[in-house]
Amino acid sequence: YKMPEATAQVIDKDGWLHTGDLGMKDEQGYYRITGRLKDMIIRGGENIYPREIEEFLYTHPAISDVQVVGVPDHKYGEEVLACIILKKGATATEEEIQQYVREGLSKHKTPRYVRFVDSFPMTASGKIQKYKLREWGIEVLGLKQPDNE
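Numbering-wise, our numbering puts 761 at position 134 of the sequence shown, and it's gapless, one number per residue.
Please note that a few of the clues may not be correct.
With a cut-off of at most 25 Å between alpha-carbon atoms, the simulated BS3-like pairs for lysine-lysine come out as follows [to be verified]:
| hint | residue 1 | residue 2 |
| --- | --- | --- |
| 1 | Lys771 | Lys759 |
| 2 | Lys702 | Lys771 |
| 3 | Lys629 | Lys640 |
| 4 | Lys754 | Lys714 |
| 5 | Lys714 | Lys736 |
| 6 | Lys754 | Lys702 |
Honestly, the hints are just simulated from the structure, not real lab data.
Go ahead and model the full structure; you've got the sequences and the hints to work with.
See below:
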């Protein structure tokens, strides 16, 4: 709204609006949103959709909430960081979470980093600010921000 530069970036020459949403069509012909293009992690040439990992991790009995972001890595370009809020009274380790993902998803989707947090950064309207989680992860893990950011 009232941002002509941003509008020009998402509407192509034919008038199509590119929302940045990622989706898939199921067997019945219905579309399902699977994530956001800007949230996609590219690790060693593999496209990793954080939402897929998040949805899987929600099945872990100790996890109350989870957010997955990409953080810079000198070898693979990006690595997977899972930020987890545990259920009250529950315990888990980084290794346990990694093993759980390895057993249920492809190996390259296993978070290299797992950090347990009390909350996620939110906007005033209650949306999780993934870019702030990424910045926090870079700082906490002592990673170097890529030169192009």
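Practice item. Would you mind confirming whether the straight-line C-alpha gap from Lys754 to Lys702 stays at or under 25 Å? Key: Given that 25 Å is the threshold and the Cα spacing comes to 32 Å, the pair is violated.
request  = For the pair supplied as a hint, Lys754 and Lys714, confirm whether the alpha-carbon distance does not exceed 25 Å.
outcome  = Distance of about 20 Å is within 25 Å: holds.
- Item | Pairwise hint evaluation, Lys736 against Lys714, where the allowed Cα distance is 25 Å at most | holds (23 Å)
* To do: Could you grab the alpha-carbon distance between Lys702 and Lys771 and see if it respects the 25 Å cut-off?
  => Roughly 12 Å between the alpha carbons, so the hint for Lys702 and Lys771 holds.
Regarding the pair Lys629 and Lys640, is the alpha-carbon distance no greater than 25 Å? holds (19 Å)
With a cut-off of 25 Å on the C-alpha distance, tell me whether Lys771 and Lys759 pass. holds (15 Å)
When the structure is compared with the earlier hints, a violation turns up for hint 6 alone.
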